[in-house]
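Residue numbers (our numbering): 240 to 851.
Check before you lean on any hint, since a few could be wrong.
Said to hold, decoys possible - In silico SDA-like pairs for lysine to any residue, Cα to Cα no more than 25 Å straight-line:
#, residue 1, residue 2
1, Lys783, Arg271
2, Lys690, Trp556
3, Lys394, Val381
4, Lys522, Lys439
5, Lys586, Asp353
6, Lys387, Arg367
7, Lys439, Gly474
8, Lys387, Phe415
9, Lys300, Glu320
10, Lys789, Met267
11, Lys690, Glu440
Keep in mind that the hints were calculated from the coordinates and are not lab data.
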Amino acid sequence: MCTRGARVLQEPPAGPPRSRVPRISAPMRLTRLLFVTLRDDPADAEVRSHALMARTGFLQKVAAGIYVYGPMLWRTLRKIEQIVREEHDRAGCQELLMPALQPRELWEESGRWDRYVNDGILFHLQDRKGAELCLGPTHEEVITTFVKRQLQSYKQLPLTLYQIQTKFRDEIRPRFGLMRGREFIMKDAYSFDATPAGMKESYQAMRAVYTRVFTRCGLRFTAVEADPGAIGGSGSEEFMVDADTGEDAIAVCRETGYAANVEKATGVIPPPPAAPPQRPMHKEPTPGARSCEDLQRMFPDLPIARMLKTVLYRVLWRDREGVVAVMCRGDRALNEVKLANFLDALKVELADEKLVRASTGAEPGFAGPIGLGAGVRLVADRSVEGVHGFLCGGNETDTHYLDVWFGRDLPQPETADFGQVQAGDLAPGGQGALEITRGIEVGHIFQLGTKYSEAMECRFVDEQGRTQPAWMGCYGIGISRVAAAAIEQNHDEAGMIWPLPIAPYSVLIVQMKAGDAAQDDLAAELHEALEGEGVDVLWDDRPKVSPGAKFKDADLIGIPLRIVVGRDASQRQVEWKPRRGGSTAIVDAEEAVARVRAALAEISGRPLEVRA
RNA sequence: CGGGGCGUGGCUCAGCUUGGCUAGAGCGCUGCGUUCGGGACGCAGAGGUCGAAGGUUCAAAUCCUUUCGCCCCGACCA
Numbered sequence: 240m241c242t243r244g245a246r247v248l249q250e251p252p253a254g255p256p257r258s259r260v261p262r263i264s265a266p267m268r269l270t271r272l273l274f275v276t277l278r279d280d281p282a283d284a285e286v287r288s289h290a291l292m293a294r295t296g297f298l299q300k301v302a303a304g305i306y307v308y309g310p311m312l313w314r315t316l317r318k319i320e321q322i323v324r325e326e327h328d329r330a331g332c333q334e335l336l337m338p339a340l341q342p343r344e345l346w347e348e349s350g351r352w353d354r355y356v357n358d359g360i361l362f363h364l365q366d367r368k369g370a371e372l373c374l375g376p377t378h379e380e381v382i383t384t385f386v387k388r389q390l391q392s393y394k395q396l397p398l399t400l401y402q403i404q405t406k407f408r409d410e411i412r413p414r415f416g417l418m419r420g421r422e423f424i425m426k427d428a429y430s431f432d433a434t435p436a437g438m439k440e441s442y443q444a445m446r447a448v449y450t451r452v453f454t455r456c457g458l459r460f461t462a463v464e465a466d467p468g469a470i471g472g473s474g475s476e477e478f479m480v481d482a483d484t485g486e487d488a489i490a491v492c493r494e495t496g497y498a499a500n501v502e503k504a505t506g507v508i509p510p511p512p513a514a515p516p517q518r519p520m521h522k523e524p525t526p527g528a529r530s531c532e533d534l535q536r537m538f539p540d541l542p543i544a545r546m547l548k549t550v551l552y553r554v555l556w557r558d559r560e561g562v563v564a565v566m567c568r569g570d571r572a573l574n575e576v577k578l579a580n581f582l583d584a585l586k587v588e589l590a591d592e593k594l595v596r597a598s599t600g601a602e603p604g605f606a607g608p609i610g611l612g613a614g615v616r617l618v619a620d621r622s623v624e625g626v627h628g629f630l631c632g633g634n635e636t637d638t639h640y641l642d643v644w645f646g647r648d649l650p651q652p653e654t655a656d657f658g659q660v661q662a663g664d665l666a667p668g669g670q671g672a673l674e675i676t677r678g679i680e681v682g683h684i685f686q687l688g689t690k691y692s693e694a695m696e697c698r699f700v701d702e703q704g705r706t707q708p709a710w711m712g713c714y715g716i717g718i719s720r721v722a723a724a725a726i727e728q729n730h731d732e733a734g735m736i737w738p739l740p741i742a743p744y745s746v747l748i749v750q751m752k753a754g755d756a757a758q759d760d761l762a763a764e765l766h767e768a769l770e771g772e773g774v775d776v777l778w779d780d781r782p783k784v785s786p787g788a789k790f791k792d793a794d795l796i797g798i799p800l801r802i803v804v805g806r807d808a809s810q811r812q813v814e815w816k817p818r819r820g821g822s823t824a825i826v827d828a829e830e831a832v833a834r835v836r837a838a839l840a841e842i843s844g845r846p847l848e849v850r851a
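Let's have the full structure, built from the sequences with the hints guiding it.
Laid out in structure tokens, this is it:
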């Protein structure tokens, strides 16, 4: 097999293990690693984290949304996992490992098989007997089964179990490299309690774990209120890594500390303009005016907040579908997640033109509350409250009504909050303005309640001798997504900038000229010294690579601490250059080692600020 | 699933509209030499079923059909 002769692995350092701190050891000379960098971004990389990882061999695509995690990335992923493990174990959680393959029967029990298959996100297959299996996208069914076969008494509760495992979801559109893959690494945890109050306590404990985990990873993040979505349950929060390229928009208020995913966010919206003098409702021809912008041109004196739009939705429930018309102030936008929740629907989607014509008798753009087709349910966003003498669609092509009053011309429809918050709205309570920022969801925690424990009969006997379903919570961290988010948040023109706690290596020794005796000796000495202290150190010992290329590569892979061994090596002088910040200093070799020690001591000794 | 785009050495791409020399460039890679603190230079090389199948033609990377894969927008998304 070995046509090129066996390569001897780098011999392990002599003597006993030098550190009790768990550390990821591997060959640390660049000449011993498979290390290739590309000058150009790959054509299919859309975001920086993906492009940079693909250019450096961190990540290689095998199929859409399916990747090889290269050795460098794997080191980072293991460090993230390590932090996750330590914080979960410290909080009293137990690690286990569940199967990736799961039988259909379990998913029938919870009632999720059809839904997940119809949504198309479940990878499923048949074994040779024809039995159906899926590759687990999540593990509520398995964990609930695992626990129920052992759970008998309240004395066994509370209990939190977790695993770190590859998850499979046939995402309709995988994208952005590690950010949204079809196969990805996730930590999922599940708590079991005897009471709702216990569930909330477990949830709060896990919230603290998450805060510690992301803080220790060196990330800037925000915990936000979230919509629990299809998984169900009463309360949930997402942990968002702050990044402009994030897929999620979040509403935050610096003053009050309020933070919520815009899917869920609510606030106090600017009041509508004062009521105009009463005039009778009348029809007005509005040829071609399909949008509020068109109408503003036609009626320049009418404030947009006195135009009420009526938006038609096709709504799907489990057993039926229907059409719902939703009214909303002209200067506001609707929030389909809130709407679906209010209607208890599986899904809402904008009605197509055909459905609009059938429901209103008019071309799209002229829908209104008066004279809607039979069977169309009418509701209104709370932004319509207090709007008087408004304009609305006439349900007749090229026609709108003007000077319409709720109560006089038609009853005000059932009104609730279906609105999307906007920058400048006040936080709930009316203090402090909301800003809209973006984030990458790296963690999500849920209070599940008894949804799965009831469906799957995960019960125990309480103190009074009664049989009760367990109160559950579930908690996820996208391990591989954390790595991508770290780079989305921390990079510059030249490349990645890893936060020290999760960097593949903590220190990079860049040797300018391999073969120069003084440099060879000093670089080796530094490498030995750092290695001996248990520091993850990488040594760029490549010969025949120009200094420029070495610096470019160093910037690209973003090892946070850098020591350059160059022309002053014979004087034991090296250049100290952190990846971020750019300030460099000429120091002697001992000082460089001391600075590494200090930087590492700072992250391990830094008190964890707990952000609410 | 709807709309759009792309598949040509390891990477980024040209060539295709209007079929025709031996299929090109830059980067990367190998060897030799000169360089050596921000992707150096010279010389000599290696490396390609032009995504796949079928068809049209004297002749197909190029035209036609089918198919597979990938990317973007949307819908979707514990």
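Taking the hints in turn, this is what the structure says about them:
Restraint check: the Cα-Cα separation between Lys783 and Arg271 comes to about 15 Å, which is no more than 25 Å; the hinted pair holds. Restraint check for Lys690 and Trp556: satisfied, since their Cα atoms lie roughly 19 Å apart, inside the 25 Å limit. With a C-alpha separation of about 22 Å, the suggested pairing of Lys394 with Val381 holds against the 25 Å cut-off. Between Lys522 and Lys439, the direct Cα distance comes to roughly 55 Å. Violation of the 25 Å bound is thereby established for this hinted pair.
As the CA atoms of Lys586 and Asp353 are separated by approximately 15 Å, the hinted pair is consistent with the 25 Å bound. This hinted pair does not check out: Lys387 and Arg367 have alpha carbons roughly 29 Å apart, beyond 25 Å. Restraint check for Lys439 and Gly474: satisfied, since their Cα atoms lie roughly 9 Å apart, inside the 25 Å limit. In summary, the hint linking Lys387 to Phe415 is not supported, as the alpha carbons are separated by about 39 Å, beyond the 25 Å threshold.
For a cut-off of 25 Å, the pair hint linking Lys300 to Glu320 stands: about 22 Å separates their Cα positions. For the hint pairing Lys789 with Met267, the CA-to-CA distance comes to about 16 Å; that is within 25 Å, so the pair holds. With a CA separation close to 18 Å, the supplied pair Lys690 and Glu440 stays within the 25 Å bound.
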